[in-house]
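Number of protein chains: 2
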Amino acid sequence: MTSTTSELSLDEIFNLAKAALINNGANEENADAVATTVTNAERDGSVSHGLFRIPGYVKALKSNKVDGSAKPEIEEVTPTIFRCDAHNGFAPLAHKYGLEKLIQAAHTFGIAGLAIQRCHHFAALWPEVEAISDEGLVGLTSVSYTPAVAPSGGTTALYGTNPMAFSWPRPGKNPIVFDMATASMAKGEIQIAARDGHSVPLGTGLSPSGELTTDAAEIDKGVLLPFGGHKGSVIALMIELLSGPLVGETFSYESKERDNGDGGPVQGGQFILAMSPKILSGKDTSSQTEDFLEKYKSIDGVRVPGARRHNNRKDTGPRQVNTALIETISNLGS
Amino acid sequence: MTSTTSELSLDEIFNLAKAALINNGANEENADAVATTVTNAERDGSVSHGLFRIPGYVKALKSNKVDGSAKPEIEEVTPTIFRCDAHNGFAPLAHKYGLEKLIQAAHTFGIAGLAIQRCHHFAALWPEVEAISDEGLVGLTSVSYTPAVAPSGGTTALYGTNPMAFSWPRPGKNPIVFDMATASMAKGEIQIAARDGHSVPLGTGLSPSGELTTDAAEIDKGVLLPFGGHKGSVIALMIELLSGPLVGETFSYESKERDNGDGGPVQGGQFILAMSPKILSGKDTSSQTEDFLEKYKSIDGVRVPGARRHNNRKDTGPRQVNTALIETISNLGS
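For the record, the sequence lines run as chains A and B.
Residue 141 is where the first sequence starts when you use the numbering used here, and the numbers rise one by one after that.
Residue 141 is where the second sequence starts when you use the numbering used here, and the numbers rise one by one after that.
Next comes chain A alone, as it looks inside the complex (with noise of 0.2 Å):
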C-alpha cells in the first residue's frame, strides 16, 4: 500500500492544525499551543504526534468532552510545588502557563515539581522536558492513559501505555533526551504489524487466552506487555502513582472510566519534575558531560537519545505528509 505525500511549509502545517481547532471550538490561545506542539513534532519527524493527532483532538472538541476554551489556573502551594488544574482543557496550555513558574522555582530552590490535574495529554512527552533543559534544568515527567498493558505476569490490562521522559541540560546544544512508553509497543504498531501480516519479538503482549505470541493480530486482540518484564512492568506501576495520585489525579483504569470514549485523548494528570545540576552538585557539570558523551558516542553502534529529531530539526524546509490526513483535516469542521 502506497501513500501519496504533499509538501508543506511549517507554517502550512501550523495553520492547518490551527485552523482545525479555531473552526472545532478551541479559541486563539488554546489552538496556537496544541497547533505549536504539532507542528514542532512535525519538525523533528515524529509523525505519529503530529497533524496524525489532529483528528483526535477535534473528537475531544466536537463532543465537549475538553473545553477548547480552558484557561489553566496555577496555584502555588509552596515555593517548590506548583499545581496546575488545566480546567478539561488540552496539555499545551497548561505547560506554557505551568513550566515558566516550575523552572524559575527549580533555578531558586534547585528542585520543583509541578501536578497538572483535569488536563488532556494527547502529544509527545519531550516538549515539557526540553523546555525544561532549555533553560539549564534537568526534566523528568510522566502521563498514564487507559488501561492497554497488563502488569508482568497477568494477562489483564491495567496500566496505560504510561510513557515517561527525561531530559538533561547541555549548555549551547540540544539536550540529552530520551521519551518512551513503557509498553514494549505502541497500540498503532501492533495494528499495523497485524495488518500487514508481521511477526512481532516474543515479550510484545498476549493473546486473548493470555499466551505470549508473535502474532501481532493475536496481541491486538489480547493485550500489550511492558518492555523488559517485570522490571519494566515495576516502571509502568510507578508511572501510574506519579501521574494519578502523586498529583491528585487518576489511575488508567479511572480515567477509562469517566471518559466519554469519543475517541479523543482521556482526562488524566501529569507530573512534570525540575532541578538543577549547579545546586545540586555543587559545580558546572558541563565539561564532564561532554566528556562522558565522547566516550559513549565512541562505541559503536550506539547513539545520543533525541539526536535523530534534533537533527530533522536542522532542517527547516517543507516536510512530506499525507495527503489524505491533509485532506480530512481540512475537511473538519469546515
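There may be inaccurate statements among the hints.
One copy or any two copies: either way a pair holds, since identical chains are not told apart in the list.
[As the list claims (entries may be wrong)] In silico EDC-like links for lysine to aspartate or glutamate, alpha-carbon gap of 20 Å or less:
1) 396 x 431
2) 418 x 397
3) 454 x 440
4) 423 x 215
5) 199 x 147
6) 361 x 168
7) 418 x 215
8) 423 x 225
9) 423 x 213
10) 313 x 147
11) 211 x 169
12) 396 x 455
13) 327 x 213
14) 327 x 172
15) 327 x 360
16) 241 x 351
17) 418 x 431
18) 418 x 216
19) 396 x 430
20) 423 x 216
21) 327 x 355
22) 454 x 152
23) 435 x 397
24) 418 x 225
25) 396 x 434
These are computed hints drawn from the structure, not numbers from a lab.
Given the coordinates of chain A, work out where chain B should sit on it, guided by the hints.
Using the frame of chain A, we list chain B on its own:
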C-alpha cells in the same frame, strides 16, 4: 554442591557484622549503621546484601580506601536541597544523617533532594526509600557503580549495574517498593549460572566477540546488557546522570578510574528524592491507592513489589546463614 548453614538470631547477625567492622577500624556509629543495614537485609531474606557483603566492607577498611570513622556532613544548600559529604565513609551513616533533613523538608515544601558525595555504597537501595515512605512520602533513589553493562547497540561496558529504587507510602502498612538493577542480571548471578552450566535468556549479555549468547560463561567473559533493550538502556543512562554529575559525583567509568581495586565498594554519588503526595495532590490519596492495589492483586500471576521481603520480615526468629561465611567473618581481623 550443598552448603551447610547455621542458625543465627538477628541479634547474633548484627553482632557478628559489627564486630568484624570494629575489628577492622570502623568506629562505633559507622559499624552500627552498616551492621544494621546488613541485618535488615538478612531479616528480609535479601541474603546477597546481608553478611555476604561484610568481607567487601572489611577489604575497603583494611586498604584505607574507606574511612571507618567518617563523620558525614550535611550542607543545607537551599531549604529543599541538601548536600551530604560522606567524607569517604560508608553509605548507611550518610543516610542516617541526611534522610532526617530530607524528610523534614519534603513535609514542609512537598519536595526535596539529597545529593550524597564521596560515599561508598555497597548495600541495597530499598532501606533508604522505605525510610522515606515510612514517613508518608514517595522516595526515589539511584546509584551508579563501575562499568559492567554495554549501552544497547554497543559491545563495550560503560554503565554500572545502576540500580534504582522507588517507594510509595501506605500509611500503617508496608510501602509499595521496588529496587532493581538496570542490568539484565546481576554479575554474581551470571557467575553462578556459568559455574552450574545453566544458560541464560538471550539478551542478557554478549560474548567477548560481541555476539548475543545464552552461554553464561561467555557473557561472564564478555559484557552484560541492560534489561529491556534500548528502553532499559536509556534508563541506565539516566541513572549515570542522576547519580553522577547531578549530585557532583562521578560517572561509573570515572568511579572505576579512581578506585584502588581492593574489591570493596567504589566511591561514588547517590541521588535521593522525597515527595509528599499530600502536598502535590492536595488530598489524602490512601483509599484511592488501596482500591488500585485491590484491583492489581486481583489479577492472577502478579505480585506487589516488595511483598516477598515484607513477608519474610514478619518472622523474627533465627535465620539460616552459610556456616563457612560465619567462619570467614568471625576470623576477619581477630
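We went through each hint and held it up to the structure:
1. In the homo-oligomer, the alpha carbons of residue 396 and residue 431 lie at most 20 Å apart only across protomers (15 Å), although the nearest pairing inside one protomer, at 46 Å, exceeds that limit.
2. Neither within a single protomer nor between protomers do residue 418 and residue 397 lie at most 20 Å apart by alpha-carbon distance, with minima of 43 Å and 24 Å respectively.
3. When the C-alpha separation of residue 454 and residue 440 is checked against a cutoff of 20 Å, the pair qualifies neither within a copy, at 24 Å, nor between copies, at 49 Å.
4. In the homo-oligomer, the alpha carbons of residue 423 and residue 215 lie at most 20 Å apart only across protomers (14 Å), although the nearest pairing inside one protomer, at 32 Å, exceeds that limit.
5. Taking the shortest alpha-carbon separations for residue 199 and residue 147, neither the intra-copy value of 26 Å nor the inter-copy value of 66 Å comes in at or below 20 Å.
6. Taking the shortest alpha-carbon separations for residue 361 and residue 168, neither the intra-copy value of 40 Å nor the inter-copy value of 61 Å comes in at or below 20 Å.
7. With identical chains, the CA atoms of residue 418 and residue 215 are at most 20 Å apart between copies only, with a shortest distance of 15 Å across copies and 26 Å within one.
8. In this assembly of identical chains, the alpha carbons of residue 423 and residue 225 lie at most 20 Å apart only when taken from different copies (14 Å versus 36 Å within one copy).
9. Proximity of residue 423 and residue 213 under a CA criterion of 20 Å is satisfied inter-copy only: 18 Å between copies versus 35 Å inside one chain copy.
10. In this assembly of identical chains, residue 313 and residue 147 lie within 20 Å of each other by CA distance neither inside one copy nor across copies; the values are 29 Å within and 59 Å between.
11. Taking the shortest Cα distances, residue 211 and residue 169 sit within 20 Å of each other inside one copy (9 Å), while across copies they are farther apart (55 Å).
12. Taking the shortest Cα distances, residue 396 and residue 455 never come within 20 Å of each other, neither inside one copy (39 Å) nor across copies (41 Å).
13. Neither within a single protomer nor between protomers do residue 327 and residue 213 lie at most 20 Å apart by alpha-carbon distance, with minima of 33 Å and 50 Å respectively.
14. Taking the closest pair of Cα atoms, residue 327 and residue 172 never come within 20 Å of each other, the shortest separation being 28 Å inside a single copy and 52 Å across copies.
15. Taking the shortest alpha-carbon separations for residue 327 and residue 360, only the intra-copy value of 8 Å comes in at or below 20 Å, while the best inter-copy value is 37 Å.
16. In this homomeric assembly, residue 241 and residue 351 never come within 20 Å of each other (Cα to Cα): the closest approach is 48 Å inside a single copy and 49 Å across copies.
17. Proximity of residue 418 and residue 431 under a CA criterion of 20 Å is satisfied intra-copy only: 17 Å inside one chain copy versus 41 Å between copies.
18. For the homomeric pair residue 418 and residue 216, the shortest alpha-carbon distance between copies (14 Å) is at most 20 Å, but the shortest distance inside one copy (24 Å) is not.
19. Taking CA atoms no more than 20 Å apart as the test, residue 396 paired with residue 430 passes between copies only; the shortest distance there is 18 Å, against 43 Å inside one copy.
20. Within a single copy, residue 423 and residue 216 get their C-alpha atoms only as close as 29 Å, which misses the 20 Å cut-off; across copies the closest is 15 Å, which meets it.
21. Proximity of residue 327 to residue 355 under the C-alpha cut-off of 20 Å is restricted to the intra-copy arrangement: shortest distance 14 Å within a copy versus 34 Å between copies.
22. Proximity of residue 454 to residue 152 under the C-alpha cut-off of 20 Å is restricted to the intra-copy arrangement: shortest distance 18 Å within a copy versus 65 Å between copies.
23. In this assembly of identical chains, residue 435 and residue 397 lie within 20 Å of each other by CA distance solely across copies; the values are 14 Å between and 48 Å within a copy.
24. Taking CA atoms no more than 20 Å apart as the test, residue 418 paired with residue 225 passes between copies only; the shortest distance there is 16 Å, against 30 Å inside one copy.
25. In this assembly of identical chains, residue 396 and residue 434 lie within 20 Å of each other by CA distance solely across copies; the values are 17 Å between and 45 Å within a copy.
This entry does not satisfy hints 2, 3, 5, 6, 10, 12, 13, 14 and 16, going by the numbered hints stated previously.
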